[in-house]
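Enquirer: Model the full assembly from the supplied sequences, consistent with the hints where possible.
Number of protein chains: 2
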Amino acid sequence: MHPELIDTLVIPNTTKIIFLIMDGLGGLPGPEGMTELETAQTPNLDALAKKSVCGLLDPVGYGITPGSGPAHFALFGYDPVKNNIGRGILEGAGIDFPMTEQDLLIRINFATINSDGLIVDRRAGRIDNETNRRICQKLQENIPLDGNVEIIFQSVKEHRAVLVLRGDGLAEEIQETDPQHTGMAPLSPRALVPEAKYTETVLNGVINRAREVLSAEPKANMILLRGYAKYRKYPSLFERYRLNALAIASYPMYRGIARLLGMNIARHTETVAEEIAILREHYQDYDYFFLHVKATDSRGEDGNFDGKVTVIEEVDALLPQITDLKPDVLVVTGDHSTPAVLASHSWHPVPVILSAATCRPDMVAYFAERDCIRGGLGRMPMMYLMGQALAHAKRLEKFGA
Amino acid sequence: MHPELIDTLVIPNTTKIIFLIMDGLGGLPGPEGMTELETAQTPNLDALAKKSVCGLLDPVGYGITPGSGPAHFALFGYDPVKNNIGRGILEGAGIDFPMTEQDLLIRINFATINSDGLIVDRRAGRIDNETNRRICQKLQENIPLDGNVEIIFQSVKEHRAVLVLRGDGLAEEIQETDPQHTGMAPLSPRALVPEAKYTETVLNGVINRAREVLSAEPKANMILLRGYAKYRKYPSLFERYRLNALAIASYPMYRGIARLLGMNIARHTETVAEEIAILREHYQDYDYFFLHVKATDSRGEDGNFDGKVTVIEEVDALLPQITDLKPDVLVVTGDHSTPAVLASHSWHPVPVILSAATCRPDMVAYFAERDCIRGGLGRMPMMYLMGQALAHAKRLEKFGA
Numbered sequence: 000m001h002p003e004l005i006d007t008l009v010i011p012n013t014t015k016i017i018f019l020i021m022d023g024l025g026g027l028p029g030p031e032g033m034t035e036l037e038t039a040q041t042p043n044l045d046a047l048a049k050k051s052v053c054g055l056l057d058p059v060g061y062g063i064t065p066g067s068g069p070a071h072f073a074l075f076g077y078d079p080v081k082n083n084i085g086r087g088i089l090e091g092a093g094i095d096f097p098m099t100e101q102d103l104l105i106r107i108n109f110a111t112i113n114s115d116g117l118i119v120d121r122r123a124g125r126i127d128n129e130t131n132r133r134i135c136q137k138l139q140e141n142i143p144l145d146g147n148v149e150i151i152f153q154s155v156k157e158h159r160a161v162l163v164l165r166g167d168g169l170a171e172e173i174q175e176t177d178p179q180h181t182g183m184a185p186l187s188p189r190a191l192v193p194e195a196k197y198t199e200t201v202l203n204g205v206i207n208r209a210r211e212v213l214s215a216e217p218k219a220n221m222i223l224l225r226g227y228a229k230y231r232k233y234p235s236l237f238e239r240y241r242l243n244a245l246a247i248a249s250y251p252m253y254r255g256i257a258r259l260l261g262m263n264i265a266r267h268t269e270t271v272a273e274e275i276a277i278l279r280e281h282y283q284d285y286d287y288f289f290l291h292v293k294a295t296d297s298r299g300e301d302g303n304f305d306g307k308v309t310v311i312e313e314v315d316a317l318l319p320q321i322t323d324l325k326p327d328v329l330v331v332t333g334d335h336s337t338p339a340v341l342a343s344h345s346w347h348p349v350p351v352i353l354s355a356a357t358c359r360p361d362m363v364a365y366f367a368e369r370d371c372i373r374g375g376l377g378r379m380p381m382m383y384l385m386g387q388a389l390a391h392a393k394r395l396e397k398f399g400a
Numbered sequence: 000m001h002p003e004l005i006d007t008l009v010i011p012n013t014t015k016i017i018f019l020i021m022d023g024l025g026g027l028p029g030p031e032g033m034t035e036l037e038t039a040q041t042p043n044l045d046a047l048a049k050k051s052v053c054g055l056l057d058p059v060g061y062g063i064t065p066g067s068g069p070a071h072f073a074l075f076g077y078d079p080v081k082n083n084i085g086r087g088i089l090e091g092a093g094i095d096f097p098m099t100e101q102d103l104l105i106r107i108n109f110a111t112i113n114s115d116g117l118i119v120d121r122r123a124g125r126i127d128n129e130t131n132r133r134i135c136q137k138l139q140e141n142i143p144l145d146g147n148v149e150i151i152f153q154s155v156k157e158h159r160a161v162l163v164l165r166g167d168g169l170a171e172e173i174q175e176t177d178p179q180h181t182g183m184a185p186l187s188p189r190a191l192v193p194e195a196k197y198t199e200t201v202l203n204g205v206i207n208r209a210r211e212v213l214s215a216e217p218k219a220n221m222i223l224l225r226g227y228a229k230y231r232k233y234p235s236l237f238e239r240y241r242l243n244a245l246a247i248a249s250y251p252m253y254r255g256i257a258r259l260l261g262m263n264i265a266r267h268t269e270t271v272a273e274e275i276a277i278l279r280e281h282y283q284d285y286d287y288f289f290l291h292v293k294a295t296d297s298r299g300e301d302g303n304f305d306g307k308v309t310v311i312e313e314v315d316a317l318l319p320q321i322t323d324l325k326p327d328v329l330v331v332t333g334d335h336s337t338p339a340v341l342a343s344h345s346w347h348p349v350p351v352i353l354s355a356a357t358c359r360p361d362m363v364a365y366f367a368e369r370d371c372i373r374g375g376l377g378r379m380p381m382m383y384l385m386g387q388a389l390a391h392a393k394r395l396e397k398f399g400a
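Chains A and B supply the protein sequences, listed in that same order.
Taking numbering that gives the first Met the number 0, the leading residue of the first sequence gets 0, the next gets one more, and so forth.
Taking numbering that gives the first Met the number 0, the leading residue of the second sequence gets 0, the next gets one more, and so forth.
There could be a bad hint or two in this list.
[As the list claims (entries may be wrong)] The list that follows gives simulated cross-link-like pairs (lysine-lysine, BS3-like), each with its CA atoms no further than 25 angstroms apart:
| id | chain 1 | residue 1 | chain 2 | residue 2 |
| --- | --- | --- | --- | --- |
| 1 | A | Lys293 | B | Lys397 |
| 2 | A | Lys81 | B | Lys81 |
| 3 | A | Lys229 | B | Lys196 |
| 4 | A | Lys137 | A | Lys81 |
[To be verified] Some chain A residues well away from chain B (every beta-carbon gap over 10 angstroms; in silico):
| id | residue |
| --- | --- |
| 5 | Gln40 |
| 6 | Tyr61 |
| 7 | Pro65 |
| 8 | Pro79 |
| 9 | Arg86 |
| 10 | Phe96 |
| 11 | Gln101 |
| 12 | Gly146 |
| 13 | Ala184 |
| 14 | Ala190 |
| 15 | Lys218 |
| 16 | His281 |
| 17 | Gly302 |
| 18 | Leu318 |
| 19 | Lys393 |
| 20 | Glu396 |
[To be verified] To give an idea of the interface, some chain A residues facing chain B are shown, with a C-beta separation under 10 angstroms as derived from the structure:
| id | residue |
| --- | --- |
| 21 | Gly25 |
| 22 | Pro30 |
| 23 | Gly32 |
| 24 | Thr34 |
| 25 | Asp57 |
| 26 | Gly85 |
| 27 | Gly87 |
| 28 | Glu90 |
| 29 | Gly182 |
| 30 | Met183 |
| 31 | Ser187 |
| 32 | Gly226 |
| 33 | Asn263 |
| 34 | Lys293 |
| 35 | Ala342 |
Just so you know, these hints were derived from the structure itself, not from any lab.
Glycine included, each C-beta is placed from N, C-alpha and C at the ideal position.
Expert: Right, here's the structure in full:
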């Protein structure tokens, strides 16, 4: 279906597009035989679905359960497989670390090892954020430049941090050092391809030095490395679609993903109501708005069916504050499914509403998985959603004569 | 949709998957305006459809009528176009011939030519199996090694046999010698690419010698060659999906295809009831079961609408013996459509049921082509079915962070 074709057809316009993303929206039937979305009382979403075109989106592919990174890339029209993004980049993006194309980003988990060097706690007793910051500072001060490679420690939270190696000739094909079980020694950061040998040497130096520096720490006396990812620049939403975009998201990872794709990032918020207030405040300033609701996914991950239902109902109640703006295109969907009965992300497709004056309505009258099967968008790979939004916003010209 | 991605996400599990394949299942309306499947009384399949997710599968592509080889490759998750398999390989697999990567396999049709060398019967009066075996023996004894190429004749049945050339430098790009009409001379096995010149020379030698050897035969006095296929090893279901598979199929070709993909092959059976008995007997021994019902296709090919309806009803009556096993995933579908009104394979998509505790039910209440259009799987390329089955059996890990 030629995903790259869209880019060649983009024309400027003043129309406005809103993506309201309820993370992990799709579900599975609970005890009553209905999904979370089918259970929730959602008069506003149902009314919107009725005058819109609906469908089901596959985030990555049939049967594929996506992580948050690939799922959001697909939402924004980026092939989630070609652009598969390492955990290190996601973490770096989430703390707003200014990445350069010389950077290898690595997720650190602080861990506890015993006197035999065996791991007794893979999360160092989930040390507090204050301890995390103190330890990162200590590592930064005591682990100097290694040859030509600059070494940067960045605190995240609890037991998590980011290690950045900055220099030439670094490679990401390195074995993760977390053996995934306690009672074992950390693995070595072995090069998986010959080109990564230099990186292996640098990392061995960092790990050995870190162990010395942390030897007196009661809990976080070791670092475990995973999610090696070389930073590379992605074309932005402005470069691809001429969209001046604002991301409104409370969780760091989603702000990070948005920043990777060149979006502007709204100030931090705690609630969906606050997010919508920011949307309304800045509605004249941008063309495209990514409004991210995390709690649907969190309740799903917790296996909290009723909690997820409640979050959906809360969003529904706030919906008029968005539709009042009369955006040219309003998309309501999720990035993937997180059925409470599975308490995890899943491979099931995600229901979607695309509302626009230019849309061709279908016979869907309720916003629910089972109804969206009959929607006019059909069952569609998620990466094509952005093209649909641009078309409905009259931001694509005709292809061919 | 990145078909190869599935392979990288496979994780071991102890869950069980059954594929119940009714060959040629899809149909077209008969005199009463209903398809074979719509006409059949199938209370068990309908009940299964009601609590499952349904859909329609395109074996190869829109409008493409598949042979049995590509259709089964697609069922097992192998791209049917990239892995298009020559008739020679299928024939060889069907007689359990031990192929090597030096082999060029060729389907032989014994034919009758007159004194002018023109074909008068392209099937040599469908000689009996005994004659076939005797002739193959005679050819084998009288056509020695040609240079460095070993020449092997293998009897199949009636007018059909397999010729194997074993050696280095053989190529499959050779013109078929069957002119498809009587009253014409056999075509020559002309090389279609320069690299096949050597093979052409070898085949001319074999054909000329075979004509001499068979000159006294009353019926089978000539060989016609088609379906040239160089053997290559396919990755097995175990290598790709970590599935220890059992194929339960009565027809040689399907056993052959299963063997090509590394499945274990159950002992020969005559009836579907016997096939299900084997399934139940070996249920603890394997992860994946391919249970093949041939008669739906045979009745369709015969143009026997009512006969096909009856076969479907017989399978429906036996279904509880399969569902009783409570497999984690039960798929019921066909490899392609064989509408009795066409008396041949066709391009129409095939209805499918995917039953699993992890499936998201849709509104389909009857297992029939027309109902499955509204199924939650949508209309899907058949090659993605296996990924769906693995996902629902919790045999795939998450993609990306």
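Enquirer: Taking the hints in turn, state whether each one holds.
Expert: Right, here's what the structure says about each hint:
{"no.": "1", "hint": "A/Lys293 with B/Lys397", "in the structure": "holds (19 angstroms)"}
{"no.": "2", "hint": "A/Lys81 with B/Lys81", "in the structure": "holds (21 angstroms)"}
{"no.": "3", "hint": "A/Lys229 with B/Lys196", "in the structure": "violated (50 angstroms)"}
{"no.": "4", "hint": "A/Lys137 with A/Lys81", "in the structure": "violated (38 angstroms)"}
{"no.": "5", "hint": "Gln40", "in the structure": "holds (21 angstroms)"}
{"no.": "6", "hint": "Tyr61", "in the structure": "violated (4 angstroms)"}
{"no.": "7", "hint": "Pro65", "in the structure": "violated (5 angstroms)"}
{"no.": "8", "hint": "Pro79", "in the structure": "violated (7 angstroms)"}
{"no.": "9", "hint": "Arg86", "in the structure": "violated (4 angstroms)"}
{"no.": "10", "hint": "Phe96", "in the structure": "holds (16 angstroms)"}
{"no.": "11", "hint": "Gln101", "in the structure": "holds (22 angstroms)"}
{"no.": "12", "hint": "Gly146", "in the structure": "holds (29 angstroms)"}
{"no.": "13", "hint": "Ala184", "in the structure": "holds (25 angstroms)"}
{"no.": "14", "hint": "Ala190", "in the structure": "holds (20 angstroms)"}
{"no.": "15", "hint": "Lys218", "in the structure": "holds (25 angstroms)"}
{"no.": "16", "hint": "His281", "in the structure": "holds (30 angstroms)"}
{"no.": "17", "hint": "Gly302", "in the structure": "holds (14 angstroms)"}
{"no.": "18", "hint": "Leu318", "in the structure": "holds (24 angstroms)"}
{"no.": "19", "hint": "Lys393", "in the structure": "holds (28 angstroms)"}
{"no.": "20", "hint": "Glu396", "in the structure": "holds (27 angstroms)"}
{"no.": "21", "hint": "Gly25", "in the structure": "holds (8 angstroms)"}
{"no.": "22", "hint": "Pro30", "in the structure": "violated (13 angstroms)"}
{"no.": "23", "hint": "Gly32", "in the structure": "holds (8 angstroms)"}
{"no.": "24", "hint": "Thr34", "in the structure": "holds (7 angstroms)"}
{"no.": "25", "hint": "Asp57", "in the structure": "holds (7 angstroms)"}
{"no.": "26", "hint": "Gly85", "in the structure": "holds (7 angstroms)"}
{"no.": "27", "hint": "Gly87", "in the structure": "holds (9 angstroms)"}
{"no.": "28", "hint": "Glu90", "in the structure": "holds (9 angstroms)"}
{"no.": "29", "hint": "Gly182", "in the structure": "violated (22 angstroms)"}
{"no.": "30", "hint": "Met183", "in the structure": "violated (20 angstroms)"}
{"no.": "31", "hint": "Ser187", "in the structure": "violated (22 angstroms)"}
{"no.": "32", "hint": "Gly226", "in the structure": "holds (6 angstroms)"}
{"no.": "33", "hint": "Asn263", "in the structure": "violated (24 angstroms)"}
{"no.": "34", "hint": "Lys293", "in the structure": "violated (16 angstroms)"}
{"no.": "35", "hint": "Ala342", "in the structure": "violated (12 angstroms)"}
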